[in-house]
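As they're listed, the protein sequences go chains A and B. As numbered in our numbering, residues 112 to 212 make up the first sequence, in order. As numbered in our numbering, residues 38 to 530 make up the second sequence, in order.
Simulated from the structure, these hints should not be mistaken for laboratory data. Computed from a predicted model, the values in this text were never measured in an experiment. The hints are all genuine.
Lysine-lysine pairs mimicking DSBU-like chemistry, simulated, CA-CA at most 30 Å apart:
no., chain 1, residue 1, chain 2, residue 2
1, B, Lys135, B, Lys395
2, B, Lys138, B, Lys411
3, A, Lys199, B, Lys135
4, B, Lys135, B, Lys73
5, B, Lys411, B, Lys135
6, A, Lys199, B, Lys395
7, B, Lys138, A, Lys199
8, B, Lys73, B, Lys395
9, B, Lys138, B, Lys395
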Amino acid sequence: MAIPLSYYVTLSAIVFITGLVGVLIRRNIIIILLSVELMLNATNINFVAFSHHLHNVAGQVFVFFALTVAAAEVAVGLAIIIALYRSKFSINVDEFQLLKW
Amino acid sequence: MTLPLADILAILPELIVVAAACLVLGLDPITPAPRKQWLAWLSVASLLLCFGLTSLQLDERVMAFSDLVIIDPYACFWKLLLYAVTVLTILMSLAYLKEEKIHLAEYYGFLLLALSGMMIMVSAADLLTIYLGTELMSLSLYVLAGFKRAEGRSLEAAAKYFVLGAFSSGILLYGISLLYGLAGSTRLSAIAMSVATRRLDDPALLLAMILLVVGFGFKIAVVPFHMWTPDVYEGSPTSVTAFMAVASKAASFGAFMRVFLEGLGGLKANWHVLLLVVCVATLVLGNVVAIVQTNIKRMLAYSSIAHAGYALIGMVVAGQAGAEGAVRSLGLASVMLYLAVYAFMTLGAFTVVAMLRKGGLEGDEIEDFTGLSKRQPVAAFLMLVFMVSLAGIPPTAGFIGKFYLFMAAVQAGLAWLAVVALLFAAVSAYYYLRVVMVMYMREPQASARLEPRLAASPVTAVVLACAVAGVILLGLYPGPLVALTNQAVLALK
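Isolated chain B (complex conformation):
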């Protein structure tokens, strides 16, 4: 059997990312220590190349490798978002890793491997490729979570992430095996056809669907599968936390939406109820528990859980019985819009957190931000913008994201859900603005404690500029991104 050139071309971006990862890992031992950051620039260059290639594929719809992989605008949207997130993560890591004295080139290799797994997830048309992509992403992230090998917290985070991640993969795989038994194939289109001919209350089919919800629920961190999130986000190196919170969530949502709409679209009535319960539970628990957190990484972890809850509203809308096609599309498009917006504001917030140092350690308590506006007015102002955006206050991008989601919910006849989400968005303003209050209203204490300082570097400044530009520009002028998501979502089904 020969591999047709067309198939190879279709997955060229994935191949480039994997090749770059191997190149970074291979060059690492022969690169002298002062030049290690060249490998980071090599990774960035490969990603820019992929960005160009994927932009060219944006209007195509190609199936490759006997329908294992699909390249459509939907997949390309997620890939473009993932490239942007990975480039920003690599840039923010440069200064952070040096500060933590863990500047090792394999870090970039693992980031790229995780990225290639995510790219496979979002452009998979078969449960086999989705499983392989998920595992490639997760295995790389387990290693990255424990990257601060000298620190017990990081190792514990890696162990917890590994145990719960492997557990959830096992559940996901069991669901896939049941679906295979029922449909006779793991291809999403074949599963959709088989589901259409079956009775919808077939217990095996429902069990398979529930197992898939559980498996994906762990990956996107929604209640009640969120237990690992705060611990892992707190313990992991901050740059890795940002990458996990943004990229792995986006990729998992991408795969989740494709599986449930293209594969299990016939079961809408069943998963709609399930996701509705999960969505409301996530909104309530994520927002309420975030209030009592004193560690900012833990607070942002609960906030990321809450944001997954907001994004789920779009999925619930897409599964709503009686909603028109246009409303369903609006629901899905607003999930994509929300996750793109969420990426910029969360990356920005984590970049500020990564810059804050206390002695030789990270200053990751909310207390460490006390009086930041007096000492570092620019950083404090940027953090203010990100917090305001996370809370969803106009004119920031966070408001636009929430606005489209709530509008979709109202149009689908789920006004009560929009009201609940709005109430908890108000609750979330309390804990986001508390950070702002600590920065602006409290005087820096002249105590014996080590004075927190900012480890700024030009590259980090570029990352912050990109993030804040994304938050403000998307807030004032969301048109192009909205158009892109609307176009991308048409490719589903």
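Bound-form chain A, shown alone:
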């Protein structure tokens, strides 16, 4: 039995909102980074589900690009976090007080 499209879209919405709330309320920058990844992967669920539903391969192609970009983003993000940790010995965003947040 095929799973209806609405199930996928609902799952994707739940994952996306989890990520969104995570970025807004968590204070550890690594957790924030992971929450952003949740948001991006929610998008991928959407793309694949729509692609399957529409019998259109463009969505799956988009997922490959999105995955690649997400990997590059993590690389840059972790590099910035490491540089920040070396200068402050902390990855808690509440302790970054030089600039008014």
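For this one, chain A is given, so just place chain B on it according to the hints.
Here is chain B on its own, set in the frame of chain A:
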């Protein structure tokens, strides 16, 4: 599958910029330290080549790579502007980076990569290419924001920019995925056709549109998505701040306008209201909060937020129900004109800020400008010109930019919006002219504090000359640029 030569030729400028970036990054380790600035000149040369190529493409309309990329006068206008901005940024960086002791060649590589991302954004005809261009630009800018690795402020700016930038990309991407589900394609023309057949109050369609507004709103820094701007602009190296304030804003506006007119043009009635609220909020908040700033980079950050608000007036005009085609075009053309003018005056102002040194550090407090007219009359006068132009006082280019925007608003029947914008332009004169007042009216204090000095160099002088020439010439003789924007805007839709 073979790649047709025509497609390759269409994106030749992008390929040259990427190749130059790779060449700079590759040559960096084998170039001895005293010759590193050759790599900067290599970047400038590649950009001049691209400038020539794009000028040749100015009258074409070519779709390439199965409609992923479009080369039309609209895209070429933004590209020419972006080349000019990048060349000036590279030139102003030469002296600044040496002064900051961070003269590393990868800086130029990242600038060129960011530029190639922006070029892809403005000539994209598909949400896939727009997303890729945006990310290429943003990822390079995150690195550039943290380029002063020894300084905590710069690293913090990079971290904040990264977190909020990645967050906004996630939101943008989710909006794109919803649009894909509704339209069955990410191509702007296909989305436009699908929107035309749908009910306009379809909640999924509205949600997708709102998510796109939020995603682009972060990139162009409008209220309420502006929180990152002051922090990132203050913490980043000044040359990078100038590049972000000018180039990334221009490219994001370019992509934003194309998506909302070509793709979501059928939803005008819906996004018009949304953008109107955002526009007024941006004008009010940007101008009012700028008044209380004591750091000049922070003040210019709020001023850049306010300027994004002015530019949005043109978008609001284009979405106004009942406005004629000519008025809509005028609105869009004045956005392009405004951002071109804004580029010159903002780059000029940031160049003066980058030159001001206090001891080994940047003099980036407004206080540091005290009595500058006595010590450095030329620099003080140039800063005066840029501040007057930012405030929109004739005969400078800032006045022309605002004049066309307000005229478009009045013609579209939005006279009240023009009045609000004019009132807040008057408010903005207060904080711009305060800098002038500090420079001209106050005596330099002979206190124990380190005396601020100017780190001038011939190359920086060239940048300042270009910026001031742009501000004055466009102010006195805007005809050619106006004609260019009018021609470019016809390519939309």
